[in-house]
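*Asks:* Chains as they are written, first to last, in the working numbering: chain F, 1 to 113; chain B, 1 to 114.
Since the hints were derived computationally from the structure, they do not count as laboratory data.
Note that this is a predicted model, so its numbers are computed, not measured.
The beta-carbon is built from N, C-alpha and C at its ideal position, and this holds for glycine as well.
A hint or two may mislead.
[To be verified] Lysine-lysine pairs mimicking BS3-like chemistry, simulated, CA-CA at most 30 Å apart:
1) LYS41(B) - LYS68(F)
2) LYS20(B) - LYS41(B)
3) LYS64(B) - LYS41(B)
4) LYS49(F) - LYS66(B)
5) LYS49(F) - LYS61(F)
6) LYS49(F) - LYS68(F)
7) LYS55(B) - LYS14(B)
8) LYS66(B) - LYS41(B)
9) LYS41(B) - LYS61(F)
[Stated by the list, open to error] Distance ranges between label pairs, derived from CB positions:
10) ASN101(B) - SER108(F): 26 to 32 Å
11) SER5(B) - SER52(F): 28 to 34 Å
12) GLN45(F) - ASN51(B): 22 to 28 Å
13) ARG22(F) - SER9(B): 31 to 37 Å
14) ASN70(B) - SER98(F): 19 to 25 Å
15) LEU26(B) - GLN58(F): 23 to 29 Å
16) GLU20(F) - THR31(B): 35 to 41 Å
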Amino acid sequence: AQSVTQPDIHITVSEGASLELRCNYSYGATPYLFWYVQSPGQGLQLLLKYFSGDTLVQGIKGFEAEFKRSQSSFNLRKPSVHWSDAAEYFCAVALGGSYIPTFGRGTSLIVHP
Amino acid sequence: GAVVSQHPSRVICKSGTSVKIECRSLDFQATTMFWYRQFPKQSLMLMATSNEGSKATYEQGVEKDKFLINHASLTLSTLTVTSAHPEDSSFYICSARAQGNEQFFGPGTRLTVL
Numbered sequence: 001a002q003s004v005t006q007p008d009i010h011i012t013v014s015e016g017a018s019l020e021l022r023c024n025y026s027y028g029a030t031p032y033l034f035w036y037v038q039s040p041g042q043g044l045q046l047l048l049k050y051f052s053g054d055t056l057v058q059g060i061k062g063f064e065a066e067f068k069r070s071q072s073s074f075n076l077r078k079p080s081v082h083w084s085d086a087a088e089y090f091c092a093v094a095l096g097g098s099y100i101p102t103f104g105r106g107t108s109l110i111v112h113p
Numbered sequence: 001g002a003v004v005s006q007h008p009s010r011v012i013c014k015s016g017t018s019v020k021i022e023c024r025s026l027d028f029q030a031t032t033m034f035w036y037r038q039f040p041k042q043s044l045m046l047m048a049t050s051n052e053g054s055k056a057t058y059e060q061g062v063e064k065d066k067f068l069i070n071h072a073s074l075t076l077s078t079l080t081v082t083s084a085h086p087e088d089s090s091f092y093i094c095s096a097r098a099q100g101n102e103q104f105f106g107p108g109t110r111l112t113v114l
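Excised from the complex, chain B in its bound form:
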């Protein structure tokens, strides 16, 4: 089956620093990748959609300068949380889609900003 990995699985950083999260499709080429944010005991909220080689499309209310998304290849997308603050602490999940309709989800990254 299609596998999506995320790295790191957990990260703790100081307020004001930037954190990069990687999302990789391991056994397929992902034309589209998605980034979600999940608060404790809540649902997933779509942050942005990215297509390889083009700028990401951000959902309303998501700061594009805060959450930088790069989708440089068909197997890798990165999310950089810039100048992180405690309110950015959350569970970030990526998903990837090939030419079909199904999204395959990564295991998530737990970000804690002190």
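Bound conformation, chain F alone:
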């Protein structure tokens, strides 16, 4: 069965610092990969997705993610974090055809002023 692992439950960064959130997946083939953000009490917003092609994917709000097949990883990055980026971030994978994502447990991002 496919699975996705987000090893960090919490990440704390200072405003203006760079950010990297880790995501690893376990699946025989290359799945479809997603990053979502959830603000408190809100639904999910898609930040970016990877289906095929260029392994460096640009998303909204200045986020990017890089797919590394050899490491089964899809880490999310942002060069300079803003206080408004504080939220819960979910990595997700989906089988080809179904596009129904399986979510990781999430990483809570805390931004210090």
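Following the hints, put chain B in place on chain F, whose structure we already have.
*Replies:* Showing chain B alone in chain F's frame:
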């Protein structure tokens, strides 16, 4: 962009009562809608997938008689939690998908059963 709404955003009910949650796609027709459940500080767990006009497909471990799903039109799906108990308290999120691959998520409904 595609917008999905949920109503109500919060509901508090007594144990033993039933609660209905609506999920609407506001500016597109959703051929498929999904219902998720999220416990505090945890991930989203898919409960069921519903296609307009057909019976929902429930994930393993989800009681279909407990969580009734109706997808009567291309813009509306409802989740009814029947005979709710405190352990049903959770954050319920729906999503909708049109003909493409992307799911659009609603803002969620916080259910508290006393």
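*Asks:* Quick check: which numbered hints come out false for this structure?
*Replies:* Of the numbered hints given earlier, the structure breaks just one, which is hint 4.
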